[in-house]
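Asks: Listed below, chain by chain, are the residues.
Number of protein chains: 2
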Amino acid sequence: MKNLFADRMNKVHKSFIREILKVTEDPNIISFGGGLPNPKSFPVTEIKEVVSKVLSENGEEVLQYSTTEGYLPLREYIAQRYAKEGLMVHADEILITNGSQQGIDLISKVFLNKGDNVLVEKPTYLAAIQSFGLFEPKFKSVPLLEDGADINAFQRVLDENKIKIFYSVTNFQNPTGITYSKEKRQQVAEILQNTDTIFVEDNPYGEIRFMGEDIPPVKSYLEDGILLGSFSKIVSPGMRLGWIVANKEIMDKIIIAKQASDLHSNYFTQRVVYQYLIDNDVDEHIEKIKKMYKKQRNLMVKMIEQHFPDDVNYTKPEGGMFLWVTLPEGLSSLDLFDIAIKENVAFVPGKAFFADGSGNNTLRLNFSNSNEEKIEEGIKRLGKAIYELMGK
Amino acid sequence: MKNLFADRMNKVHKSFIREILKVTEDPNIISFGGGLPNPKSFPVTEIKEVVSKVLSENGEEVLQYSTTEGYLPLREYIAQRYAKEGLMVHADEILITNGSQQGIDLISKVFLNKGDNVLVEKPTYLAAIQSFGLFEPKFKSVPLLEDGADINAFQRVLDENKIKIFYSVTNFQNPTGITYSKEKRQQVAEILQNTDTIFVEDNPYGEIRFMGEDIPPVKSYLEDGILLGSFSKIVSPGMRLGWIVANKEIMDKIIIAKQASDLHSNYFTQRVVYQYLIDNDVDEHIEKIKKMYKKQRNLMVKMIEQHFPDDVNYTKPEGGMFLWVTLPEGLSSLDLFDIAIKENVAFVPGKAFFADGSGNNTLRLNFSNSNEEKIEEGIKRLGKAIYELMGK
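Protein chains in written order, with numbering that gives the first Met the number 0: chain A, 0 to 391; chain B, 0 to 391.
Since the hints were derived computationally from the structure, they do not count as laboratory data.
One copy or two, either will do: identical chains are not told apart, so a pair holds if it fits within one copy or between any two.
Distance condition first, Cα-Cα at most 27 Å in a straight line; then the derived DSS-like pairs of lysine-lysine: (1) K350 to K113; (2) K137 to K252; (3) K383 to K315; (4) K10 to K247; (5) K21 to K252; (6) K252 to K139; (7) K113 to K252; (8) K10 to K252.
Looking at chain A on its own, in the form it has when it is part of the complex (with noise of 0.2 Å):
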């Protein structure tokens, strides 16, 4: 068979962290490399009622085709958890999505001609270049520093380029960990406003603040922009239910592009979410995950402090999943991987998260889907790691 595939797939490639990980399935290996939610933290319990339930009283019902937008109630329930955030959005601007990656690819799908640029931040999420990748726009970037993007380069970029996505990860972002602040929230939206630049704000862990205030979307200072969210990371990620906020003019767009791409989001899962939403306390429920992760994180810095080289740098995030550590320049994480591998411990070396292939000496540490003793045990090991690449 000749190479008939389409140009697109030339572009993009499996996911690095996903070849990598293989590695690390070895159990005597502590790895610090998945993305991955603690599932101690999934409401088994719970699910089980509620699904129990909700076939009881609707099982023919549930099992049956649904609407592309999704299901009404659940997301009038979403509008209203943004409304108690001071977000006013209607549920018609709300399309449920398998999962909020889906929300990537739709609003591909909406927006970009081949060649479009697409700004993303340096370093980015890893899946959103794959995903924005298929439909092959030319990558940008634009530095993060430690409260959100460097405001004069993303207004060079912007005024050098004509950018038609500007992609975003505002809280505890993957893989650094770096939230905006509010500042740098009002000024993105501010140079955005009355752009032709879609301004795509992802937010899948928001809701995992467990240090310091949260602070409002960008979407709450600049009106048509899109803004993803999630239940992977407060209920479940095997269910794939997150969903877009966009306004109406966009909104019947990723309609249609919604039911070409797959009809509609599994129905029976988000009568399952919805029914365990208005079943359970859920801020409860994410104070115990917050709780969680938030000793965790605490663990790893603590660790980190003790057994790393001074000129090791690393963030130290208020919430979400991820902590980001950038060696000193000249120095490879994909040799320190090497070496760490022999140690039984592992990372995902951050090159992966730079659309621009640079990055080499930084490296991208999951607290959530861990331990204690892992991680007193793991960051040990790392630093040991660390030291002898230095040749220290």
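Given the coordinates of chain A, work out where chain B should sit on it, guided by the hints.
Replies: Quick look at chain B alone, frame taken from chain A:
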């Protein structure tokens, strides 16, 4: 906001069916318009049992992220079921999709450059036109005869055009109910053998044969063919679980496209459906569905014989959910729709299923999601409307 939408969005519109069906939501209207399985066929009690089992035994695991390819034992089960029918495929050649509709999206991503030719049947499955349409191909059509594609026309269109994909629903096609004969399948396979045309065989209804003998899929004769399957018609459409079968070289690309599109399909329901399949006698369950649909199909055919004018033609499907009516040349099923709605009966005008805008005198009737009373009364009313349209 000026028009920032991608070019592809100008070519794809909201489903005509979904729009037209809104008219039929009035409970006084007997609708043969929808394309739904009969909810009475859903195994609600059995699903309730297996969900409880799955959550009790592996709750944390089934709610977690999972692999892009899908749950291996489920893929092995599908492979074994094909083996029983004589089609040998490996579990590695199967990927679980978010409904078989997503299969078309993923195949489009993997194969279609803008302007490539996609050959469809005339008429064809409407949502396939939408799904391929997002990738901006040119559509070519091949007429359907009673036993499948018109082979002379098929050969001609292949001779005259470089066809990238031929998309076909070989069993009890939506919308016509037409099934390819064994001879036609072999002819199609022979013609496509060693060409650069990818054959996509969509088979959501194959298990619902209530008359005649099973015929092997075209893929049995054409190793590189792609086959789409679905649990929607035999377990539950609301769970959105389908699959793609493709050779390893193609599957490698499909995995990349799936990963970029939504990471993986709903893992929780994959586990639930798998547990359902191994804990129950699925063939017995399918027999019940067949019995129900056969009864309804037979009654619909009988009522049409009695109540439609003699010069109205219709198919007599051996399975599936649809029956196809052709009015005498020159009549419009859109005009008929207006008359029928006044008689409180509805259907889908056939025009929607033609990629070339023809089919003005055709209509689709669904017999699965109905009952004997409705079929009896509804077909009488529709007959009356047809007589009125024809001025008889």
